[in-house]
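Taken in order, these protein sequences are the chains called A and B. First residue of the first sequence: 338, per the working numbering; consecutive thereafter. First residue of the second sequence: -1, per the working numbering; consecutive thereafter.
Hints are supplied without guarantee of correctness; some may be wrong.
With a Cα cut of at most 27 Å, we get these calculated DSSO-like pairs of lysine-lysine [what the hints assert, rightly or not]: (1) K656/A / K140/B; (2) K585/A / K140/B; (3) K339/A / K504/A; (4) K425/A / K534/A; (5) K585/A / K626/A; (6) K504/A / K534/A; (7) K656/A / K626/A; (8) K534/A / K579/A; (9) K656/A / K264/B; (10) K140/B / K240/B; (11) K505/B / K585/A; (12) K505/B / K240/B; (13) K579/A / K504/A; (14) K339/B / K25/B; (15) K534/A / K430/A; (16) K579/A / K676/A; (17) K395/B / K579/A; (18) K656/A / K339/B; (19) K425/A / K339/A; (20) K585/A / K264/B; (21) K656/A / K585/A.
The hints are simulated quantities; they were obtained by calculation from the structure and are not laboratory data.
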Amino acid sequence: MKLSTEDLLDVGCGAAFLGTGGGGDPYIGRMLATSAINAFGMPEIIEPEDLDDDAFVCTVAMLGAPTVLIEKAACGDDVDLVISRMEKYTGRKIDAILPVEIGGVNSMLPIMAAARSGLPLVNADGMGRAFPEIQMVSFNIHGVSCTPAVIADDHLNSFVIETATAKRAEDLVRVASIEMGCSVIMSSYAMSGAEVKRTAVPGTMTLALEIGRAIARGRSSGTPVEELVNYLRSTEYYNQCKVLFEGKVSDLRRETRQGFAIGYCQLTAMDGSGREMEVTFRNEHLVAKEGGQLRAIVPDLICMVDNETAEPVPVEALKYGQRLTILGVSAPPILRSEKALAVVGPASFGLDETFVPVEQL
Amino acid sequence: MRIGVDVGGTNTDAVLMDGERVLAWCKSPTTLNVSDGIVGAIRHVLDQSGVAVSNIQCVMIGTTHFTNAFVERNHLLDVGILRVALPASRGIPPLTDWPESLLSEIGDHRHLVRGGYQFDGRLNSALDEQAVAQAARDFKAKGLQTVAITSVFSPVNGDMEQRAAEIVAEEMGDVAITLSHTIGRVGLPERENATVMNASLAALSSRVVNSFRSALQQLDITAPFFISQNDGTLMSAEVVEKYPVLTFASGPTNSMRGAAYLSGQKNALVGDIGGTTTDIGVLNSGFPRESSVAVDIGGVRTNFRMPDVLALGLGGGSLVVETEDGVRIGPRSVGYRLTDKARIFGGDTLTASDIAVAAGYADFGNRELINDLPAELVSAAVDEIHRLVADGVDRMKVSAEPIPLILVGGGSVLINRDIPGVSEVIIPEFAGVANAIGASIAQVSGEYDNMVSYEEVAREDAIAQAREEAEARAVQAGAEAGSIEVLDIEETPLSYGPAGAVRLRVKVAGALQQVAASGS
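So that you can see chain A by itself, here it is in the shape it has in the complex (with noise of 0.2 Å):
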């Protein structure tokens, strides 16, 4: 898959899409991948299968509170520092990056952190989405090792941890990152390019830059909800596809709790019904109900977007007042599994109901 700098505009709208409402404004990191490039030009990206079985992988990401990434992201030199301390810590040359999630802030991170190290980045990631916690991925699900994982802020302050489990690490990185102000750079799941095959989701990068596409597309035929859905429905992953509401959002509630940007958005039907949904968050979307009703749980997806324009609208960027369509999008299968569910399902949340796919919803 090759990339240009206008690509970067479909990914970062794709990846605000597979954000479910959280992940970081890509806003953001569409600047700091462009700044990069600009600087140290577009890195290659290859797909899983071109990665050698024994080659040496990482993640590089950010970690901490979207509503606090807008005021304050990655400088650069902290993005250098954790890869270069994992080489160090490891005592292995790094041969590949490897994106965690392509939800949000973390789609282009990656490709910042490739651009500046001159590294290859791989098309895939370890959720096609976007999740609020590290052990919350395929690739802890499948076994690999969190840690060691390296943590620095942009005072360029960083530590290495070693936990016994990815819950662990983080518990621990997410008490750290508050301290160093809910902004963090960590690389981390470090790993073979067997392990890569074998417990990543390939092809994010390409189905976050089509929805980005589709989107575009929409616009311009004038029908871009429906367009995105279509769209939706033919991938291998998301093709469980429903709105679930159109409606005006008439309560918020946002707040920077325990390193997470927590709250409910409640919205309301402009066709006078009197119908409501209510949508929790924690960085994402967790639950959408309508009437008490569910509609759609953790780990399927729960997206707004703008009623008329499919622009997705992240929690940060909610407003009272604002016309939205709440897709429910199936999750890919490797999150649906019982074993996926105990790390990513509901209970994870500390949610009381049970998954239920949202096509059975």
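Let chain A serve as the given structure and place chain B on it in line with the hints.
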């Protein structure tokens, strides 16, 4: 009685309103010094109606002057850009993504210094006062007159921007300073962009606001005057002088609100055809549809709340050119020089206005002067004009269902046929001065902006209280109590403060009492 004025790039319009009634109106060319055009237009409506100056209670001015200046890169100052954030934020330097043509206007004078806050109000870095002073000395040495200061997380705490401004003022003496926390919300690149835009307009804004003042003085009008802002509410001249960016979207807001008012339609498309462009927007329940996409102004991304408007390069002054592929209309335009340049006014340039007159459905200028135009050219150009509008309508439409299209603006005379996808084309009376009418019905707002604790007062109660206070302030400022609606509710949690501390901002707006009263 009140006067609404619209100062556009091409025309300056004035309307004299008594409640809902239009007593007199006037459309006149915008003058180079702005003030003459305003004096002329207001004098005209006063003379026409015989109303004495002493009966004027209020003057409302809408202007696209600042937007035009920024988009056309006119009268922009070189800006000293000071970002108070290091070591944070280096990944996205100031002016990333700005178009080349703008960079050459505002220069490349950037300093990043240590300072700013974290999301929760803790320190990012202590303010490097020496570096601020050094940056200010550099700006001064370069002869800059305006500075934009943006500190990381200033919407949470604006103190460091204030302190930096003190130092800059001390070093530079007479300098215009824009602080980002007074303009934008959280989102550093967009807030900084808006701050730099505002700073670049510093000289123009005081010049233009002064022309407004002197125009009213010349006319002996002592009634208060206001300028309409993006959200359709009014602000004082002093505020506009400091924050010209707050008028950036007032043009489309005024024309759409004016169109709704004149036509009585609540759900419709609005096409505002001016001298150079046609702005197409959507009215939903009487209010302009807001853009959800970050709004680009002159190629720069901002996070203002603005009406969603599609601008087409079609207006009364659009150039009509015959090419191998047929007739092309616009986007180039003779603009405000229509009355010198257009054929019907004795000029040598064929414009869209000439076509409308030649086709026989508009009547102004001198028809004799275009007798020589071939009938095929006129008919092809008429087709092209309607095709351009139909295309724009199609791109802005919400659904396949036909809805009315309200045409306003001086260029509405260009249209005389049905447009596909539109149930009816409505050109209301006074369509030519809809913007000025929109300004004259601008709303009065009231705002509540305070720290509250949701631990002490339940959130619902706190918001209800804030709303009540904002409403009281709007009423005090002249709003009709029954017409007040909530424009915006914004909560910024401050987790560093006492538990549950939130900065709560509620903005409400309603119709001016004299506007609402006479309507009943």
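Structure-based check of each hint:
Simply put, K656/A and K140/B have alpha-carbon atoms about 41 Å apart, too far for the 27 Å limit, and the pair is violated. Distance hint between K585/A and K140/B is unfulfilled; the C-alpha atoms sit about 50 Å from each other, more than 27 Å. The suggested pairing of K339/A with K504/A is violated, with an alpha-carbon distance near 35 Å, which exceeds 27 Å. A threshold of 27 Å between alpha carbons decides the hint, and for K425/A with K534/A the separation of about 25 Å falls inside it, so the pair holds.
For the proposed pair K585/A and K626/A, the alpha carbon gap of about 15 Å is at most 27 Å, so the pair holds. Between the alpha carbons of K504/A and K534/A the distance comes to roughly 23 Å, so the proposed pair stays at or under 27 Å and holds. For the suggested pair K656/A and K626/A, the alpha carbons sit about 20 Å apart, so the restraint of at most 27 Å is met. The suggested pairing of K534/A with K579/A is violated, with an alpha-carbon distance near 31 Å, which exceeds 27 Å.
Using a Cα cut-off of 27 Å, the hinted pair K656/A and K264/B holds, with the two alpha carbons roughly 22 Å apart. For the suggested pair K140/B and K240/B, the alpha carbons sit about 23 Å apart, so the restraint of at most 27 Å is met. Our distance criterion of 27 Å between C-alpha atoms is met by K505/B and K585/A, whose separation comes to about 18 Å. Annotation: proposed proximity of K505/B to K240/B holds, straight-line Cα distance about 20 Å (limit 27 Å).
Taken as a hint, the K579/A and K504/A pair is broken in the structure, with Cα atoms around 32 Å apart against an allowance of 27 Å. Proposed proximity of K339/B and K25/B is supported: the alpha carbons are some 18 Å apart, at most 27 Å. Distance restraint check for K534/A and K430/A: the Cα-Cα separation of roughly 19 Å lies within the 27 Å cut-off, and the hinted pair is therefore satisfied. Pair hint K579/A plus K676/A holds up; C-alpha atoms about 25 Å apart against a cutoff of 27 Å.
This hinted pair checks out: K395/B and K579/A have alpha carbons roughly 23 Å apart, not beyond 27 Å. Proposed proximity of K656/A and K339/B is contradicted: the alpha carbons are some 46 Å apart, above 27 Å. Restraint check for K425/A and K339/A: not satisfied, since their Cα atoms lie roughly 31 Å apart, outside the 27 Å limit. With a CA separation close to 17 Å, the supplied pair K585/A and K264/B stays within the 27 Å bound.
Of the pairs offered as hints, the one joining K656/A and K585/A holds, with about 10 Å between alpha carbons and a cut-off of 27 Å not exceeded.
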